[in-house]
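Asker: For the protein sequence lines, the chains are A and B, in the order given. Positions in the first sequence are counted from 1; adding 330 to them yields this note's numbering. Positions in the second sequence are counted from 1; adding 626 to them yields this note's numbering.
Because the hints were derived from the structure by calculation, they are not lab data. Heads up, a few of these hints could be off.
Partial selection, computed: residues in chain A whose CB lies under 8 angstroms from chain B [unchecked claim]: (1) Y619; (2) W652; (3) F653; (4) W660; (5) I664.
Beta carbons: idealized from backbone N, C-alpha and C, even for Gly.
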Amino acid sequence: MYTFSNKLKTFSIALVIIGLLGVGYGFMTSHKSFEEVETMLAEEASHHGGGHAEETAHATTEMAHDSHGEEASSTDEAHHADAHKEHVEHVQHQISNRPWSALYVGAFFFFMIALGVLAFYAIQRASQAGWSPVLFRVMEGITAYVLPGGLIVLAIAIASGTIGHYNIFIWMDPDVVAHDKLIQGKAGWLNLPMFAVRGFIFIAGWSLYRHFARKFSLAQDNAEDDKNFKKSFRIAAAFLVFYIYSESIMSWDWIMSVDPHWFSTLFGWYVFASMFVSGITVIALITMYLKSKGLLEFVNDSHLHDLAKFMFAISIFWTYLWFSQFMLIWYSNIPEEVTYFITRINDYKLPFFGMLAMNFIFPLLVLMNSDYKRIPWFIVMAGIVILFGHYLDVFNMIMPATVGDRWFIGVPEIGAICLFAGLFMLVVFTAISKAPLLAKRNPFIKESENFHY
Amino acid sequence: MEASKVIHAIYTDDDVLMSAVKKVKAEKHHIEEVYTPFPVHGLDKAMGLEPTRIAIASFLYGCLGLAVAITMMNFIMIEDWPQNIGGKPSFSYIENMPAFVPIMFELTVFFAAHLMVITFYLRSRMWPFKNAENPDPRTTDDHFLMEIPVHGNEQELETLLQETGAVEINIVDKDTH
Numbered sequence: 331m332y333t334f335s336n337k338l339k340t341f342s343i344a345l346v347i348i349g350l351l352g353v354g355y356g357f358m359t360s361h362k363s364f365e366e367v368e369t370m371l372a373e374e375a376s377h378h379g380g381g382h383a384e385e386t387a388h389a390t391t392e393m394a395h396d397s398h399g400e401e402a403s404s405t406d407e408a409h410h411a412d413a414h415k416e417h418v419e420h421v422q423h424q425i426s427n428r429p430w431s432a433l434y435v436g437a438f439f440f441f442m443i444a445l446g447v448l449a450f451y452a453i454q455r456a457s458q459a460g461w462s463p464v465l466f467r468v469m470e471g472i473t474a475y476v477l478p479g480g481l482i483v484l485a486i487a488i489a490s491g492t493i494g495h496y497n498i499f500i501w502m503d504p505d506v507v508a509h510d511k512l513i514q515g516k517a518g519w520l521n522l523p524m525f526a527v528r529g530f531i532f533i534a535g536w537s538l539y540r541h542f543a544r545k546f547s548l549a550q551d552n553a554e555d556d557k558n559f560k561k562s563f564r565i566a567a568a569f570l571v572f573y574i575y576s577e578s579i580m581s582w583d584w585i586m587s588v589d590p591h592w593f594s595t596l597f598g599w600y601v602f603a604s605m606f607v608s609g610i611t612v613i614a615l616i617t618m619y620l621k622s623k624g625l626l627e628f629v630n631d632s633h634l635h636d637l638a639k640f641m642f643a644i645s646i647f648w649t650y651l652w653f654s655q656f657m658l659i660w661y662s663n664i665p666e667e668v669t670y671f672i673t674r675i676n677d678y679k680l681p682f683f684g685m686l687a688m689n690f691i692f693p694l695l696v697l698m699n700s701d702y703k704r705i706p707w708f709i710v711m712a713g714i715v716i717l718f719g720h721y722l723d724v725f726n727m728i729m730p731a732t733v734g735d736r737w738f739i740g741v742p743e744i745g746a747i748c749l750f751a752g753l754f755m756l757v758v759f760t761a762i763s764k765a766p767l768l769a770k771r772n773p774f775i776k777e778s779e780n781f782h783y
Numbered sequence: 627m628e629a630s631k632v633i634h635a636i637y638t639d640d641d642v643l644m645s646a647v648k649k650v651k652a653e654k655h656h657i658e659e660v661y662t663p664f665p666v667h668g669l670d671k672a673m674g675l676e677p678t679r680i681a682i683a684s685f686l687y688g689c690l691g692l693a694v695a696i697t698m699m700n701f702i703m704i705e706d707w708p709q710n711i712g713g714k715p716s717f718s719y720i721e722n723m724p725a726f727v728p729i730m731f732e733l734t735v736f737f738a739a740h741l742m743v744i745t746f747y748l749r750s751r752m753w754p755f756k757n758a759e760n761p762d763p764r765t766t767d768d769h770f771l772m773e774i775p776v777h778g779n780e781q782e783l784e785t786l787l788q789e790t791g792a793v794e795i796n797i798v799d800k801d802t803h
């Protein structure tokens, strides 16, 4: 049995409190008045000299063209005044979006870890893997975060459209929809009640599977026969079918719809790969933590090796999907699709390509050697880089649509990471401490304990 | 080298063979070769063979393939004749790189795979029309054979191998090449 040490508990509570302070600070400093933004922009223009001013001028003329193309009688001065007002309001909105998006990115990142682990767990059950049953209790512990995490993500999404001023999803704003033919066409899918209902159905499906899988797994410990094992096999297979549909739709709803003018067919798999590899990495990290405490004496370095192989392989799978999405859009260069990558490459150069180095090149080179995959500190190092890389991945999916070039990884972002990291640790380690760490009477447990690669 | 004698111990079970190998190693006899009809897990470890370095070779071949792909396409598409083909930017390699990635990937795999296989053939001396080096044809079907060089200790070796469960023990004059 694992007991949640007081030290770790205090640490996670401290993280939550620091995180809350950071998030609160983010929200308090994001309300800027029109005049404040105006002076800020003027200052920026004078600081950066010609380059930025040119950009602003370019933006204003473009906007003037957009909004007043038909009004031939308007004077030039009127154009400029209107365009200036629009520009300032645009930036003002972006600044007020930042704490919302930072919170949303953090919440989704930790939720996606738990959901990825749930999918991995179901695959291990359905494929009757012989190596992994000794890790089942670790995975079950991590998946405890699916329900609270999912509800938090959905709550932030809905709150941004009800309490907030449509800070994440622009299609929730009836004013925007009224002037946007494209969003109007999608309104049958993208409307708040439907969004909420779909979200609740998905969270209910995932948590129901998690609840019963855990229940059967614990019941198997004291059972006389393998009835519970068979049941968990069947529900795992059924869940995987549900999961691949719900995950795909969830990724359209919760992530892709921040850019309601853009669409991509392999987006669901791409998000899946991201959550799968982060989930496996967290399984490896928590397993190593518990093993370093001497609580998992039946886990040997072959189990670690297998997890590291999964981290390596799924990192490459993620890159394959990332590149497939990027290259197809880059190659055909259709304006309605390619804007997605143009904003990211123009305004997010470092996070956009940095994440590629962290999620692909680094694990590729570090985890290729078979011997290195058995060295704990090597896997910890690779795992931390992979996790940061996938945080950046979520960051790159949400932020360009909400804050544009007003991004920074500062107090609101780090605050959100601390908040949800603390919450995640509290939920996960509480769940792990509730059951023995070795699943007894699992038909594959003997094989798993003696697993050797 | 003059003609030398070797002892051939034949087994019919891979588990018996494994324990025999361990016993012979424990007695500090040199095992020249073991012939089996299929891979026996852990045999290389029991015999104390060095791990293979073919994966390292393959990695280097992959790097070579990547270098070939990059140099080739950089020369052809960017330096030699930078045409405008469908508006693709051919001003520098990096600008047009996404279009080259499929070829970079495939050539990396191609070089890594084929050169590794050829390395394997060379190192294990396998080629068409090569004479099979098989001391006993039964070892390709259902028998296992352990070969130990004899240095005037025939009697001792024979009793040792008898104890390990060999079904047949032959002392053979080995041809020198």
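Asker: Compare the structure with each hint and give your call.
Answerer: How the hints compare with the structure:
Annotation: A/Y619 was flagged as interfacial toward chain B, and the flag is violated, the nearest CB pair being 30 angstroms apart, outside 8 angstroms. For A/W652, the suggested interface contact is broken, since its CB lies about 11 angstroms from the closest CB of chain B, more than 8 angstroms. Evaluation of the A/F653 hint against chain B yields a held restraint, the C-beta minimum of about 7 angstroms falling below 8 angstroms. Taken as an interface hint, A/W660 checks out: its beta carbon lies about 5 angstroms from the nearest beta carbon of chain B, inside 8 angstroms.
With 8 angstroms as the threshold, the beta carbon of A/I664 stays out of range of chain B, its nearest partner Cβ sitting at about 12 angstroms, so the hint is violated.
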